[in-house]
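Taken in sequence, the protein lines are chains A and R.
Counting from 1, position 162 in the first sequence corresponds to residue 162 in my numbering; the numbering is continuous, with no gaps.
For any residue, its number in my numbering is found by taking its place in the second sequence, counting from 1, and adding 418.
Incorrect hints may appear among the rest.
Part of the chain R face toward chain A, derived, beta carbon under 7 Å [said to hold, decoys possible]: (1) Y490; (2) S493; (3) F507; (4) N513; (5) L518; (6) C525; (7) M528; (8) L529; (9) P591.
Quick caveat, the hints were computed from the structure, so don't treat them as lab data.
Glycine residues also receive a C-beta, built at the ideal position from the N, C-alpha and C atoms.
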Amino acid sequence: MSMITARTLTLREISHRRGNFLLGSLAVAMAICGFALTLARLRAFDAETAAQIEAFERRTATDMATLEDEIRRSMKGLGFNIFIFPKGQELAEVYAEGFASKTMPEEFVTRLAASELVKVNHLLPSLTQKITWPEQKRTIVLVGTRGEVPIRERAMKAPLIDPVPPGEAVIGFELQQSLGLQAGDQIRLMGHDFKVAQVHSQRGSTDDITIWLNLAEAQELMGKPGLINAILALECNCASVDRLAEVRAEIGKILPDTVVIEKESTALARAEARNSAKRTADQAHDQMEQNRIASKESREEFAALLIPLVALTSAAAIALLTVLNVRQRRSEIGTLRAIGIPSGTLLATFMMRAALSGLLGAAIGMLLSLAISGDTKLITPAEWMMVTSAAILFSCAASWLPALIAASQDPARLLRHD
Amino acid sequence: MTEGIPILEIDRAGKCYGEVTALEQTSLRVGPGDLLALHGPSGSGKSTLLQIAGALLKPDRGKVLIGGTDPYLLSPNLRSQFRLEHLGFVFQDSNLLPYLTLTENICTPMLACPATDADRADALLDHFGLAHRRQHRPSELSAGECQRVALARALVLQPRLLLADEPTGNLDPENTELVLGYLEEYAAAGNAVIIATHEELAIARSNRRHPLT
Chain A
1 MSMITARTLT
11 LREISHRRGN
21 FLLGSLAVAM
31 AICGFALTLA
41 RLRAFDAETA
51 AQIEAFERRT
61 ATDMATLEDE
71 IRRSMKGLGF
81 NIFIFPKGQE
91 LAEVYAEGFA
101 SKTMPEEFVT
111 RLAASELVKV
121 NHLLPSLTQK
131 ITWPEQKRTI
141 VLVGTRGEVP
151 IRERAMKAPL
161 IDPVPPGEAV
171 IGFELQQSLG
181 LQAGDQIRLM
191 GHDFKVAQVH
201 SQRGSTDDIT
211 IWLNLAEAQE
221 LMGKPGLINA
231 ILALECNCAS
241 VDRLAEVRAE
251 IGKILPDTVV
261 IEKESTALAR
271 AEARNSAKRT
281 ADQAHDQMEQ
291 NRIASKESRE
301 EFAALLIPLV
311 ALTSAAAIAL
321 LTVLNVRQRR
331 SEIGTLRAIG
341 IPSGTLLATF
351 MMRAALSGLL
361 GAAIGMLLSL
371 AISGDTKLIT
381 PAEWMMVTSA
391 AILFSCAASW
401 LPALIAASQD
411 PARLLRHD
Chain R
419 MTEGIPILEI
429 DRAGKCYGEV
439 TALEQTSLRV
449 GPGDLLALHG
459 PSGSGKSTLL
469 QIAGALLKPD
479 RGKVLIGGTD
489 PYLLSPNLRS
499 QFRLEHLGFV
509 FQDSNLLPYL
519 TLTENICTPM
529 LACPATDADR
539 ADALLDHFGL
549 AHRRQHRPSE
559 LSAGECQRVA
569 LARALVLQPR
579 LLLADEPTGN
589 LDPENTELVL
599 GYLEEYAAAG
609 NAVIIATHEE
619 LAIARSNRRH
629 PLT
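Generate the whole structure from the sequences, applying the supplied hints.
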C-alpha cells in the first residue's frame, strides 16, 4: 500500500506537466548561464590583463637590469667619480693642479668605511702631490695609496685598482717609455729604492707621468705621516631624484670637514638615462594599470545592468509559468482544498516544484555555461554550490506569490469556475 | 460529532450572487441514517446548498451547524481541517487528480491526515470492484469507474456527513445501483448522506427528499 505524500504529489504533477516544468527550469538556466558567463568573461579579462601587465613588468625588469648593468660597467670602467677633499680646499686649485693642497687625517676613510654608507662604493684614500723627482730631475705626480678600504657590513667588491705593496712602485706610461723601465726593474726615488711592480699602458692623462707608491711610504716621502688629501669613491647607481645631493648629505653627516665633487658626466648621463627610462616604464605601467581598472569598471557596470535584467526576465517568466500552472490546476486545487487539504500543504507542493525547477535549471545553466565557454574551471565548486542554492531560492521567490494566491483561494470559487 | 445532536442543521440559509438568487431561504435537518435527496430543476440551488452544507460556501443569511458547530465561524484553515475530519465530498465530475493512480487518488485526504489506516483504500477499491485497477490512472477508467473512485476517496476517512453532487449522473444502471446501494449502506451505518440529483431512481432510493424550486 503506497502512501501519498506532498513529495509524491509534486513529482507526479511534474511528470504529468513536463513542458511547464521544463520551461521554468530553462528560465532559471538562462539566468544562471547569463550570470556564469558574465562572471567568466570578467575573470578572463582580469587574467588576460594581469598576464599582460606581468609580461610588461618582466620585460621592463629585464630591460632595466640590462641597462643597470651597462651603467654599472660603464661607471666602473670610468673609475672613481666621487672625490672627497678636505674642507676649505679650493676646487679651482684642484682642477688646475689635479690634486688638493690641503690634507685631512687618513682616519677619515676608516670612519667613512665604518659608517652605514649606502650611496657610494669602493673607498680609496690617497695622497697626491706634484714633485720633482730628484734623481731624474723631472716633474712627476706621486700618488700614495693603500688600496680600497672595505665598507662595513658589505661584501667586498672586486677592487677598481690593486693596492701597491710596500717597497714597490707602479709607473705611468710616459715615465716607463722615457726611462726604459720594465716590471722588475729597480728605481731610486727621493733616496729610497723601489721595485717596479707594474707599468701602465698609455692613458693620455697625468697618469702617464705618475708613480704610485704604498700610502705609508708616500706619506713618509712627502713628510705628511697619517695624512691624505683625497678619498676617491664610486657613486652607487641608485635611482634617485638628486643623486649628488644625497651623496653629499650622506658623506657630510659622517665627515663634516670635507667637500664632495662629482665628475665623469658620461656615466652620470647614462645613469640619468637609466633613471629616466625607469620613470617612463613606471608611467607606462601605471597607465596600463589605470586602463585596466577603467576597462574592468566599465565591464562590471555593464554586468551590473545585464545580470539583474536577465534575472528579472527569468523571474517574470517563472512567475508567468507558475500562474499558467495554477490556472491549469484550478479544479485540482479546488478539489484538494474542498476535501480538507490545508493551504500550507498545497503551498509546499508548489514550492517543492519551484525548488526542483531551480535545481534542474541550475544544472542546465551550468552545463550550458561550460559548453559555451569551454572552460571547465569557469567557476569554483564552492561558487557552483552558491549559485545552485541561489537558483533554488530564486525560483521559489519567483513562484511564491502566484503559488500563495492559488493555495489560499476559496475552494467553492475554484470549483464553481471549473 | 456529539450523539443526539443533528449531523447537519441548516436554518433559513440563502445565497445570492449579485442580483441572481442561487438559493432561496432553506432550512434542513439531517440526522444519522438519513439518505437525503436534494432534487429540483437545474439552477434551483442543489449544488449551492450542497456547498453551504459542506462548509465550502458561506450563506448570505441563515445559519449552518454541522455536529453542533458553525464551520463558518472557523478560520479558513480550521474550516479546512473541519471538512477533512467530518465531511466527505463526491463531485459531479469525479475531480480525480489525473496524474495519480487510483490508490493514490483515494489516499489524497491522507496528505493532511497521514496517520489514517491506508488499508482502508484497498478495502474500498475491493468493495467497488476496482481492485485490479489499483495502479491505473483516471484517464484509463470509464466515467462510472471514476465516480466509484471519487466515492471511495470521499469515504476513506469515514466522515459522518457525505455530500454527493449528482453521484450517479454519468453512470450506467448497473453502476448506479452499485453506488446507490453503497450510499444506503453508509447511511444505515449511522452516518448521513445528502445527494443532489435529478434522477428519479436516486430520489426513489433515498429515505428523505428535499425538493428545491
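Here's how the hints hold up against the structure:
no.	hint	verdict
1	Y490	violated, 12 Å
2	S493	violated, 11 Å
3	F507	holds, 5 Å
4	N513	holds, 4 Å
5	L518	holds, 6 Å
6	C525	holds, 4 Å
7	M528	holds, 6 Å
8	L529	holds, 5 Å
9	P591	violated, 27 Å
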